[in-house]
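Q: Residue numbers (this note's numbering), protein chains in the order written: chain Y, 7 to 177; chain L, 642 to 847.
In short, the hints are calculated from the structure, not lab data.
Values in this document were obtained by computation on a predicted structure and should not be read as measured data.
Residues from chain Y shown here face chain L by an in silico Cβ test under 7 Å; the list is partial:
id	residue
1	Ile15
2	Glu22
3	Phe34
4	Gly35
5	His39
6	Leu41
7	Gln43
8	Val44
9	Ala45
10	Phe50
11	Val54
12	Glu57
13	Leu58
The beta carbon of each residue, even a glycine, is placed where N, CA and C say it ideally should be.
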Amino acid sequence: MSPNPHTDIERWLAAEATGDDLAAEAAFGALFHALPQVAPSPGFGERVLMELREREREPESGRVPWLWKAAVAAAVALAGLAAGFLPLLRRIPVDVPSPAEVVSAAARGFAWLAGWLGAGLDVWETLARLGGAIGTAAATPQIATAMMGSALISALALYTLHHLLVYERRV
Amino acid sequence: MSAAEEQLVQEALSGSQRAFRELVRRFERPVFNLVARMVRDRTLAEDLAQDAFVKAFSRLDTYHASQGKFSNWLFKIAHNTAIDHLRRSELDTVPLDAGGGETADYHAILSDPDAATPLDRALQTDLAGALAAAVERLRPEYREVIVLRHQEGLAYEEISEVVGLPLGTVKTYIHRARKEMAALLTTAGWGPEAAAARETPPRALS
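Bound conformation, chain Y alone (with noise of 0.2 Å):
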C-alpha cells in the first residue's frame, strides 16, 4: 500500500468504473496484497505438533492395528486345526497328502524347477534331500503343531520389534 492510500484505492476504484478489467485487477492486486495476514495465537505450532505426537504413539498404547490382531488369529486357527484335525483327516478315506509328503512334493518341484532353468547347481539336490527330511520329521501332528506355534511366536515377536523400533525413531 502506498504512503497515500487514496491513490491506490482511487486507481482501483476508478479501473473499475471504466471497466478496465486487467487495471482494476492490478490496482486491487497491489492494494489486497499490503492487507496483513491474520496470525494464530502463540504457541500454535507447538500445539499442532503435540497432537501429531500423540496421535502417532496411539498403537503404541495397547492398540493393536486390525490387520495384526486377524494374522494373529489366522496363525491360532492354523495351529488349533494342525493339533485337533488332522488325525480325524486321516480317518476319512480320501487320500489327503501328509505334511511331510507336501514338504517332499514342494522341494522336488523346486528341484525340478532348478533343472528345468538350467540352474544345474548340487545345492538343489541338496535342499531337495534337506526338504524331504524336515517332512518326514514334521509327520506327526505334534511336531506340525509345534513348527506353527513357534512360526506364531515368531511372527509376535517380530512385530513386537518392528513396534520398538518405529517408537524408537519417533521420539
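For chain Y, the structure is supplied; the task is to place chain L on it using the hints.
A: Just chain L, lined up with the frame of chain Y:
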C-alpha cells in the same frame, strides 16, 4: 517447490521433528489466514487449521513434487477442512473484527512510520480496516479465492486446483468479489468523489 522446502519435506518424512516444526512455522500464518477468512471465527479457525496440519502431516507420504508446490497441496487440505466444517455447520460465525480484535491488529501493524503525515497513517489503517470489513461481507467462496489470488499470489490455475473448481468459475468469482468490494467501499465513502470532497478546502463563511 523450492529445493529447501523439498529437503524439509523429505526430512519430515524420515521423522525429523525439526523439519516438522520448520514446515509448521513457514506455513502456519498463510494456512490460518485462509481458514480464518473462510470461517470468520478465530477460535474455530485455529482448531480447523490445526486439523488441516495434522491431516497433512499424517499423509505426508502421499505428497509428491510432481503434484505441484507443497504450499498448494497444504492449501487444498485446509480448504477441504474448512469447507467440510461450513457444510456441516449452519451456525452463524462471529466476524473476525468483532470486538475490534483484527482492527486493533491493523492499527498496530499498518501504521507506516514513513507515511507523510499522521493523517496518512490514520488513512492507511482506516482503509485496511475498511478492506477487511468488505472481505468479511463476501460469501466464503469469494473470500477464499480473493485471499489465494491477492495475498498468497497463486495463479488462476493453481487456485482452480486448490479449491476444486473450473478455471472459468475461479475467474468469475474473483471478478465478482472485486466488484462487490468496490461497491461496498464506494458506499462507505472511499470512492473518488469522497476523496475529492475531503481535499476541497471548506469555503470560508462570508
